[in-house]
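Student: Assemble the whole structure, with the sequences as input and the hints as a guide.
Number of protein chains: 2
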Amino acid sequence: MNKLVNSIDEAIKQTKLENGMTVSFHHHLRNGDFVLNAVMESIARLGIRDITVNASSIFDIHEPLIEHIKNKVVTGLECSYMGAVVGKAISNGILEKPVVFRSHGGRPADIQQGKSKINVAFIAAPTSDPMGNCTGKIGPSACGSLGYAFADAEYADKVVVITDNLCPYPLTEISIPEVHVDYVVEMEKIGDPKGIVSGTTRITRDPVGLLMADYAAQVIDNSGLLKEGMSFQTGAGGASLAAAKYLKDIMLKKEITGSFAMGGITGYLVDMLNAGCFRSILDVQCFDLDAVESLRTNPLHQEVTASHYASPITKSAIVDNLDVVILGATEIDTNFNVNVHTDSKGNIMGGSGGHSDTSAGAKLTMIIAPLIRARLPLVMDRVTCITTPGDTVDVLVTQRGIAVNPKREALKRSLKEAGLPVMDIEALQVQARSMTGIPASIAKGGRVVADVIYRDGSLIDQIHQVQ
Amino acid sequence: MNKLVNSIDEAIKQTKLENGMTVSFHHHLRNGDFVLNAVMESIARLGIRDITVNASSIFDIHEPLIEHIKNKVVTGLECSYMGAVVGKAISNGILEKPVVFRSHGGRPADIQQGKSKINVAFIAAPTSDPMGNCTGKIGPSACGSLGYAFADAEYADKVVVITDNLCPYPLTEISIPEVHVDYVVEMEKIGDPKGIVSGTTRITRDPVGLLMADYAAQVIDNSGLLKEGMSFQTGAGGASLAAAKYLKDIMLKKEITGSFAMGGITGYLVDMLNAGCFRSILDVQCFDLDAVESLRTNPLHQEVTASHYASPITKSAIVDNLDVVILGATEIDTNFNVNVHTDSKGNIMGGSGGHSDTSAGAKLTMIIAPLIRARLPLVMDRVTCITTPGDTVDVLVTQRGIAVNPKREALKRSLKEAGLPVMDIEALQVQARSMTGIPASIAKGGRVVADVIYRDGSLIDQIHQVQ
Numbered sequence: 001m002n003k004l005v006n007s008i009d010e011a012i013k014q015t016k017l018e019n020g021m022t023v024s025f026h027h028h029l030r031n032g033d034f035v036l037n038a039v040m041e042s043i044a045r046l047g048i049r050d051i052t053v054n055a056s057s058i059f060d061i062h063e064p065l066i067e068h069i070k071n072k073v074v075t076g077l078e079c080s081y082m083g084a085v086v087g088k089a090i091s092n093g094i095l096e097k098p099v100v101f102r103s104h105g106g107r108p109a110d111i112q113q114g115k116s117k118i119n120v121a122f123i124a125a126p127t128s129d130p131m132g133n134c135t136g137k138i139g140p141s142a143c144g145s146l147g148y149a150f151a152d153a154e155y156a157d158k159v160v161v162i163t164d165n166l167c168p169y170p171l172t173e174i175s176i177p178e179v180h181v182d183y184v185v186e187m188e189k190i191g192d193p194k195g196i197v198s199g200t201t202r203i204t205r206d207p208v209g210l211l212m213a214d215y216a217a218q219v220i221d222n223s224g225l226l227k228e229g230m231s232f233q234t235g236a237g238g239a240s241l242a243a244a245k246y247l248k249d250i251m252l253k254k255e256i257t258g259s260f261a262m263g264g265i266t267g268y269l270v271d272m273l274n275a276g277c278f279r280s281i282l283d284v285q286c287f288d289l290d291a292v293e294s295l296r297t298n299p300l301h302q303e304v305t306a307s308h309y310a311s312p313i314t315k316s317a318i319v320d321n322l323d324v325v326i327l328g329a330t331e332i333d334t335n336f337n338v339n340v341h342t343d344s345k346g347n348i349m350g351g352s353g354g355h356s357d358t359s360a361g362a363k364l365t366m367i368i369a370p371l372i373r374a375r376l377p378l379v380m381d382r383v384t385c386i387t388t389p390g391d392t393v394d395v396l397v398t399q400r401g402i403a404v405n406p407k408r409e410a411l412k413r414s415l416k417e418a419g420l421p422v423m424d425i426e427a428l429q430v431q432a433r434s435m436t437g438i439p440a441s442i443a444k445g446g447r448v449v450a451d452v453i454y455r456d457g458s459l460i461d462q463i464h465q466v467q
Numbered sequence: 001m002n003k004l005v006n007s008i009d010e011a012i013k014q015t016k017l018e019n020g021m022t023v024s025f026h027h028h029l030r031n032g033d034f035v036l037n038a039v040m041e042s043i044a045r046l047g048i049r050d051i052t053v054n055a056s057s058i059f060d061i062h063e064p065l066i067e068h069i070k071n072k073v074v075t076g077l078e079c080s081y082m083g084a085v086v087g088k089a090i091s092n093g094i095l096e097k098p099v100v101f102r103s104h105g106g107r108p109a110d111i112q113q114g115k116s117k118i119n120v121a122f123i124a125a126p127t128s129d130p131m132g133n134c135t136g137k138i139g140p141s142a143c144g145s146l147g148y149a150f151a152d153a154e155y156a157d158k159v160v161v162i163t164d165n166l167c168p169y170p171l172t173e174i175s176i177p178e179v180h181v182d183y184v185v186e187m188e189k190i191g192d193p194k195g196i197v198s199g200t201t202r203i204t205r206d207p208v209g210l211l212m213a214d215y216a217a218q219v220i221d222n223s224g225l226l227k228e229g230m231s232f233q234t235g236a237g238g239a240s241l242a243a244a245k246y247l248k249d250i251m252l253k254k255e256i257t258g259s260f261a262m263g264g265i266t267g268y269l270v271d272m273l274n275a276g277c278f279r280s281i282l283d284v285q286c287f288d289l290d291a292v293e294s295l296r297t298n299p300l301h302q303e304v305t306a307s308h309y310a311s312p313i314t315k316s317a318i319v320d321n322l323d324v325v326i327l328g329a330t331e332i333d334t335n336f337n338v339n340v341h342t343d344s345k346g347n348i349m350g351g352s353g354g355h356s357d358t359s360a361g362a363k364l365t366m367i368i369a370p371l372i373r374a375r376l377p378l379v380m381d382r383v384t385c386i387t388t389p390g391d392t393v394d395v396l397v398t399q400r401g402i403a404v405n406p407k408r409e410a411l412k413r414s415l416k417e418a419g420l421p422v423m424d425i426e427a428l429q430v431q432a433r434s435m436t437g438i439p440a441s442i443a444k445g446g447r448v449v450a451d452v453i454y455r456d457g458s459l460i461d462q463i464h465q466v467q
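Residue numbers (our numbering), protein chains in the order written: chain A, 1 to 467; chain B, 1 to 467.
In case anyone wonders, no lab produced these hints; they're calculated from the structure. Be a bit skeptical, because a hint or two may be false.
Note that the list lumps identical chains together, so a pair holds whenever it fits in one copy or between two copies.
Claimed, not checked - When the alpha-carbon atoms are kept at most 25 Å apart in a straight line, the in silico DSS-like pairs for lysine-lysine are as follows: (1) 16 x 315; (2) 315 x 13; (3) 88 x 70; (4) 117 x 315; (5) 16 x 115; (6) 254 x 412; (7) 115 x 315; (8) 254 x 363; (9) 248 x 227; (10) 97 x 70; (11) 412 x 248; (12) 88 x 345; (13) 254 x 227; (14) 117 x 16; (15) 13 x 117; (16) 13 x 70.
Tutor: Here it is in structure tokens:
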């Protein structure tokens, strides 16, 4: 028995991929991923058309998708995040069918329930044996966790593993087991390590960012949650990382050991683990090589699946035990709804990822963002697109003040008592507008280019064509 | 959110277990398991009746099942192995419905396909966190792999984890994730470590056993399979372990590194791993504490699920890549069919376990057994019960000679050329009978007390009541 096939073309032929079917990809190689482009090029070459691409995220490196869409090779897109390059093309209307956006937890839930059917999953595997036992922990293109790929492997009709590091059977440290895999293909390079680790920015040195980070750490310190066993997730933006740094200092000073850190993992969170701030890291995605190295070598740092991370249909997911999450926003409105899907002109340049999942789960969901960006105010009457509903958002931290969701009266009181600059979100909006003016509202006239599906499966918003 | 409940009684009530339903158990605590008995006692106390017990194996410690059967609390049994105590009672006819025997690979396949429906799975977990992330690797009742429990966790309607070592959330080194678990219960002791590790006998000192072991190692050495990358499984019987010891010596002398050792793992196989005879161990079940310790500490020693081990409906299972397996037999017939379900009087005292799975998968399936046991001949005209079909069995090794399945002509030639005492299986039968006489045939008149389901789902044999 041998699952090895000679080329991606050959693997595609073996899977009997046909016009109208859906193929899937995971995004752990991030902006260094060569696999999606190679597979789609092969599909185009083989004359297969009308394909839906379900990729857990689409990065700028996947720009060739634009040509495939124009040529009708690709007629559908589903993802949890879409970078600005493909995003702008979609916003300009190149794709007839609306893109389907899901959250990181909603995606595996819909795959599991058959709402999101995958015919052929292509799994970029930094190391695989000839039967398809594979892992992201080792190999020249090591990306660490393969968390988002498990649902694809388990539920797709056919599964093709693509690797640039074939090892003898059996792989040790198996992440995805052979039981799900039909074919294994070698290609020379599955990705560019420089792009793979593009997820982390450095801790900000910008005074505005540092001020926000300081506020964020103080909010956590005064939330009642900063105690033994606290769990924590933060993004990889410069201010969020600075907030994590300040939080680390407080935790070390107060000798508090948290339970786990989670989410896209960076060296900064690894440092917190090694410093004893947390007992473990649960890792659905590595953002840099320090995270990859830690996942490979430290048993306290564990790979978890996207379902385990955030699926709303499991008996419990890790987000259900999350205390504090720090998240970003391109816009927030006076009802605390958050947009990370589009810019303020309505162009797609992001997506939920785990934004709405962690917001729903966390006891304290904090948005950290500068009050003004590119001469536009952060706070709107109504966000251009609702990524995360306001009733799951607790606090907005800006450099000019902190707004607390009116539903969290006790928290508001605590933060005020701590001397933090708490004010109504409307007051922050007034401040911003005093500097930027009231932005012209965008005409939402164009046809729908994307449906935003909330983690529970409901349609939470739609994104319209930018005129 | 909290899954902790105060008692097994309470957990059973919460699951809404009703008359006529099926509960399941895994057998990694082996003859030291306290969980099955505690749960069944609770079910009886709660007045629930007509329950089917699906236990991956039933050991002698589960003798209380006999009373539950007599009281109609239990009216159905499904398992892959049944020890002699409950086995004799079944053979005597205490259960109206036939027991359903499946192989270790067939069980998860039938669970996955819905052919074997589990309403409530009870998972004995040596360590668990309050959300049900659990493992067998650590804790006072550590049993190592939880390989057989994964299918139960994944496919049962309700899942109850029972532990005697509750740890803070999140457990590190998660085997079974919380996503499958509904309730977590603490009990004082889930098992007796002395019984947990009862699986291994020592290497035999019996000259007959040593002779067979020497023959077995020589068969492997002359099979053409003893080369770089060879994979190997053996049982934990005294002669099988001696064969492994002789094989180890040959592999070290010839400087051959195999790919993996598999199956129920013992310290002897761990020694072979550490000596460099194999690159890895794939572990569905630990038979002793050396194996548990190795699984916990050596990344080359990996836990695998029963599906990955041997399921016939996966895209591939490890048995599909197995080169050599050494197995036992209570009887073998001239068509090489093997019985490990009953003794020669027809009393149930075993079951396939992975016998038929590994026989089907391995390139060389070797049965090793003394020609006469308890004054009965090993070789029959027709085995009392077919566990493993003869066309998947290649070689029989006894102390009096070696029989090769006529379908393996080339192998027969190789072994003869190597000077091994190869003879027809009929000649071995004649030899045995010359010492024991022809055994009286058993009247197969009683009603059917057990259906033996082969790994492909077909009924391969039935076991009748012993008069």
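Student: Please go over all the hints and tell whether each is borne out by the structure.
Tutor: Outcome of the hint check:
In the homo-oligomer, the alpha carbons of residue 16 and residue 315 lie at most 25 Å apart only across protomers (16 Å), although the nearest pairing inside one protomer, at 35 Å, exceeds that limit. For a Cα distance limit of 25 Å, the shortest separation of residue 315 from residue 13 across copies, 18 Å, qualifies, whereas the shortest one inside one copy, 38 Å, does not. In this homomeric assembly, residue 88 and residue 70 come within 25 Å of each other (Cα to Cα) only inside a single copy, at 14 Å, whereas the closest approach across copies is 72 Å. For the identical chains of this complex, residue 117 and residue 315 are neighbours both inside a copy (22 Å) and across copies (19 Å), given an alpha-carbon limit of 25 Å.
For the identical chains of this complex, residue 16 and residue 115 are intra-copy neighbours only, at 22 Å inside a copy versus 29 Å across copies, given an alpha-carbon limit of 25 Å. In this homomeric assembly, residue 254 and residue 412 come within 25 Å of each other (Cα to Cα) only inside a single copy, at 23 Å, whereas the closest approach across copies is 74 Å. Taking the shortest Cα distances, residue 115 and residue 315 sit within 25 Å of each other both inside one copy (19 Å) and across copies (23 Å). In this assembly of identical chains, residue 254 and residue 363 lie within 25 Å of each other by CA distance solely inside one copy; the values are 21 Å within and 61 Å between copies.
Taking the shortest alpha-carbon separations for residue 248 and residue 227, only the intra-copy value of 13 Å comes in at or below 25 Å, while the best inter-copy value is 54 Å. For a Cα distance limit of 25 Å, the shortest separation of residue 97 from residue 70 inside one copy, 13 Å, qualifies, whereas the shortest one across copies, 64 Å, does not. For the homomeric pair residue 412 and residue 248, the shortest alpha-carbon distance inside one copy (23 Å) is at most 25 Å, but the shortest distance between copies (69 Å) is not. Proximity of residue 88 to residue 345 under the C-alpha cut-off of 25 Å is restricted to the intra-copy arrangement: shortest distance 11 Å within a copy versus 78 Å between copies.
For the homomeric pair residue 254 and residue 227, the shortest alpha-carbon distance inside one copy (9 Å) is at most 25 Å, but the shortest distance between copies (59 Å) is not. Proximity of residue 117 to residue 16 under the C-alpha cut-off of 25 Å is restricted to the intra-copy arrangement: shortest distance 16 Å within a copy versus 33 Å between copies. In the homo-oligomer, the alpha carbons of residue 13 and residue 117 lie at most 25 Å apart inside one protomer (19 Å), although the nearest pairing across protomers, at 37 Å, exceeds that limit. When the C-alpha separation of residue 13 and residue 70 is checked against a cutoff of 25 Å, the pair qualifies only within one copy, where the shortest distance is 23 Å, while the shortest distance between copies is 59 Å.
Hint compliance for this structure: every hint is met.
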